[in-house]
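Respectively, the protein sequence lines represent chains H and E.
Just so we're aligned, residue 1 is where the first sequence starts under the working numbering, counting upward by one.
Just so we're aligned, residue 1001 is where the second sequence starts under the working numbering, counting upward by one.
Simulated from the structure, these hints should not be mistaken for lab results.
Watch out, some of these pointers could steer you wrong.
To be verified - Going by beta-carbon spacing under 7 Å, a handful of chain H positions derived as facing chain E:
| hint | residue |
| --- | --- |
| 1 | 8 |
| 2 | 23 |
| 3 | 26 |
Ideal Cβ positions, reconstructed from N, Cα and C, are used throughout, including at glycine.
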Amino acid sequence: MLPENLTAIVARNESWTGESATEPYEAGWAKEAVVFVRALKTPVGRLPKARVEISADGMHWCAEGSEFDLPSTKDAVTFQRVSHFGNFLRISAALPAGAEITVLVTLHLKA
Amino acid sequence: MTQLDDIRRALRESDPQLSRFDPLPRIICLDDFDRGMCGWTQLVGNYEDTLDAMLPGYAQHSHAMLSTLPNWDFGSHGGVDGSYALKIATRPRKGAQNVAIKRLTFRKPGPIRLEAYFTFKPEATDLALSETDIRSFGFLYDLQIGDTSGPGDRVMPHLRFLNAQDGKHIQKWQFKRRTTPIKPIGTAGKTITHYHLSPDDWEDLPGGEQRLCYNEIPTKVNWHYLRFDFDLSVMQATRFQVNDRVFDMGGYDCIRIPAMKNLWCMLNLAFFAETDTDKRAFAYLDSVCLSGDF
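Please put together the full structure from these sequences, using the hints given.
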């Protein structure tokens, strides 16, 4: 059988302000992930880096170390490759006051 | 019983994957989530031109996961007979729902049988049993007659186990006959929407009280068996069983709305979870078997 390969939409048309993150996603079966973030509307204000976070239990989170730009214009896409992430994965960002981005976050996961 | 039935039964019972199900003669799908997502996906709401047109009930949905039921205190729980189950997780907001769906069509309007091994639990954010944190676990079909079989309806059988509401441990099966008003989406005249999982209009299944096994801390689960028989030729439920209980379906009915121009022979099946607190609710499916008599 071909190895599992999944495209999971983990945030769709969600407006991020302040401390924001995708919902916890379990993907312990996957050896690698590519995270794509697309801006569905024109972002507002100064955008921080997005962070990849990992967790032992889906409740307590650690920065995995990978950081990447959030897309700065409508329909722009940014991405980050991740591997060796254990089971729980999420993407987070701390937006400063006045900043806002509406995101589509996609995980490409491969066993 | 014919000789063919005997042979079929012997073959089925010699296969460990199948012998814990009691399928009709033709297996439409046997989804064991140790083999991956098996065609179960996210229920996305309808939209046109902009995602802002999607009803909020659908906008909250996210993708199901392949889960080992991991827990902070003892690690992975695993499934009935393997490592993985399909996990449907709500957001941590009272009343939040999430749905996993499989989309098929049928080739003969006759009896079909849905069987599954399921369980549910809240996210273990508290050191307490939390048995009233999950509002419900449920499932539904979304069905429509064939294009030359009419006149007929789009028929949506729903059942949910109302576990708790507003902190009260209720534990009973419910069904619904009504959806929200049908609303056009966009301007092209091609898309409509309605929210059939709205919290309103649930009715008690007569005799549907059931005390399910749940464990003594929030991280332990036990798997339950579910079977729902439905006859597509008359669009009526014929039997419903959970574990050792078989429920009388005499008082049961489905949501029935006018047939739609694009949904002929539709056979969609879905499972859902609802939380009753600001805590994620998790519904898990170890395996699902859909079979038919054709």
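Evaluated hints:
no.	hint	verdict
1	8	holds (4 Å)
2	23	holds (6 Å)
3	26	holds (4 Å)
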